[in-house]
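Construct the entire structure; sequences and hints are all you get.
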Amino acid sequence: MKIILPVAGKGTRLRPHTHTKAKSLVHVAGKTVLEHIVERVLTVDAEELIFITDDNGSQIEEFMEQHFPGVNCSYIVQKERLGPAHAVALASPRISAGDEVLVVFNDTIFVTDLAKIPDLCADCDGLIYSKEVEDYQRFGVNVVKEGYIVDMVEKPDTPVSRLAQVGLYYLKDGQGFMDYLEKTIAAGDTVKGEFYLPAVFMRMIRDGIKFCAPEIQAWLDCGKPETLLETNRYLLSGNRVGCAGTIENTVIIEPVSIAAGATVRGSIIGPNVSVADGCHIEASIVKDSIINADCRVQSMTLAESILGDAVQLTGSPRRMNIGDHSLVIME
1 MKIILPVAGK
11 GTRLRPHTHT
21 KAKSLVHVAG
31 KTVLEHIVER
41 VLTVDAEELI
51 FITDDNGSQI
61 EEFMEQHFPG
71 VNCSYIVQKE
81 RLGPAHAVAL
91 ASPRISAGDE
101 VLVVFNDTIF
111 VTDLAKIPDL
121 CADCDGLIYS
131 KEVEDYQRFG
141 VNVVKEGYIV
151 DMVEKPDTPV
161 SRLAQVGLYY
171 LKDGQGFMDY
181 LEKTIAAGDT
191 VKGEFYLPAV
201 FMRMIRDGIK
211 FCAPEIQAWL
221 DCGKPETLLE
231 TNRYLLSGNR
241 VGCAGTIENT
251 VIIEPVSIAA
261 GATVRGSIIG
271 PNVSVADGCH
281 IEASIVKDSI
291 INADCRVQSM
301 TLAESILGDA
311 VQLTGSPRRM
321 NIGDHSLVIM
331 E
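Its first residue numbered 1, the sequence shown is counted upward by one per residue in full-length UniProt numbering.
Please keep in mind that the hints were generated in silico from the structure rather than gathered at the bench. Ideal Cβ placement from N, Cα and C applies to all residues, glycine included. Do not rely on the hints blindly, as some may be mistaken.
Quick list of simulated restraints, FRET-style, between CB atoms [what the hints assert, rightly or not]:
no., residue 1, residue 2, range
1, Gly147, Ile329, 54 to 60 Å
2, Glu65, Val44, 17 to 23 Å
3, Glu248, Asp151, 38 to 44 Å
4, Val44, Arg81, 40 to 46 Å
5, Lys145, Ala186, 27 to 33 Å
6, Arg162, Glu248, 45 to 51 Å
7, Glu47, Glu254, 36 to 42 Å
8, Gly242, Gln175, 42 to 48 Å
9, Glu226, Asp151, 28 to 34 Å
10, His67, Gly147, 36 to 42 Å
EDC-like mimics (lysine to aspartate or glutamate), calculated; alpha carbons at most 20 Å apart, straight line [said to hold, decoys possible]:
no., residue 1, residue 2
11, Lys145, Asp125
12, Lys210, Asp173
13, Lys21, Asp309
14, Lys79, Asp99
15, Lys210, Glu146
16, Lys79, Glu194
As structure tokens, then:
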């Protein structure tokens, strides 16, 4: 199986954290988003990981060489921003007859068992993974009839379906899929100047190709600061990553992840806190936050915060003389 990972894009919704790094290299629950995704796709027999990158591609390549040195990877640069279907189509030279293809977009971390693909795809030609949502108006949804997808509707006004597409796709015939991508691009089938995958899949469905829409267990958005913190909470509660760093005179309120190279002294950490390698935290209270590598936090109270790499944040203790029946709110 060939795995296509489109990791291009500026990640504008995650700024300032994506000003200097690829959006898939932002940390959550003790690992980068990319690390979470790659660990999941490597549960299948992956012959090659094909990364579609932009000008941050060297960061992706360096990361993979460091963290997954034994994995066969290739890198293709998307020089024109022509949409997700165009990005996936750039992998065409790497896809041969007989190749299965799994496409994984990097704004979300999925929770599902990819080993079940052969069983899920026994009576169809591909899988467009889905998740039932209440706010269906925000997403492109799959309309299913008698077990197969018959239509796709972008941000429907009425609840024709609540099965949102989650950015995870499997195709039995990878080369055939590439042919349909080429046809869609040649036909100029765009939305606001960009090529999207639903147009490709609907062309395939009209030609009799059958897709199922299996539901994943969890769909974890990493595209915005607030959703990144939600994902951090979810992953920490599920994995109990634990504290490997130097911990002195500190109260830990689980779940917490503290990397081996971090030091925490005289603080209260947790719940739902990730502290990366090289950090030093002292005399601070931190909860519901992500602290990236090489940060120094001194005498601070942090909640629902994200610190990028090598941030220095220093506060000061407060001296107060407060009388009876007082109410003090400090935000």
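Proposed proximity, Glu194 with Lys79 (alpha carbon, max 20 Å): Between Lys79 and Glu194 the Cα gap is close to 14 Å, so the pair holds against 20 Å.
C-beta pair Glu248, Asp151: status relative to the range 38 to 44 Å that was hinted: Violated - the Cβ-Cβ distance for Glu248 and Asp151, about 59 Å, lies outside 38 to 44 Å.
20 Å Cα cutoff - pair Lys210, Asp173: With Cα atoms ~12 Å apart, Lys210 and Asp173 stay inside 20 Å; holds.
Range hint 17 to 23 Å (beta carbons of Glu65 and Val44) holds or violated: For Val44 against Glu65, whose Cβ atoms are near 22 Å apart, the range 17 to 23 Å holds.
C-beta pair Lys145, Ala186: status relative to the range 27 to 33 Å that was hinted: holds (30 Å)
Glu47 paired with Glu254, Cβ distance criterion 36 to 42 Å: Check passed, 39 Å falls within 36 to 42 Å.
Holds or violated: Lys210 to Glu146, with C-alpha atoms at most 20 Å apart: Holds: Lys210 and Glu146 sit about 11 Å apart, inside 20 Å.
CB-CB spacing for Ile329 and Gly147 relative to the 54 to 60 Å hint: About 55 Å separates the Cβ atoms of Gly147 and Ile329, which means 54 to 60 Å holds.
40 to 46 Å as the expected CB spacing between Arg81 and Val44, which holds or is violated: The hint (40 to 46 Å, Cβ to Cβ) is violated, given that Val44 and Arg81 are roughly 30 Å apart.
Hint consistency between Lys79 and Asp99 [alpha-carbon to alpha-carbon, up to 20 Å]: violated (25 Å)
C-beta pair Glu226, Asp151: status relative to the range 28 to 34 Å that was hinted: holds (32 Å)
C-beta pair Arg162, Glu248: status relative to the range 45 to 51 Å that was hinted: holds (49 Å)
Of the numbered hints stated above, those contradicted by the structure are hints 3, 4, 14, listed in ascending order.
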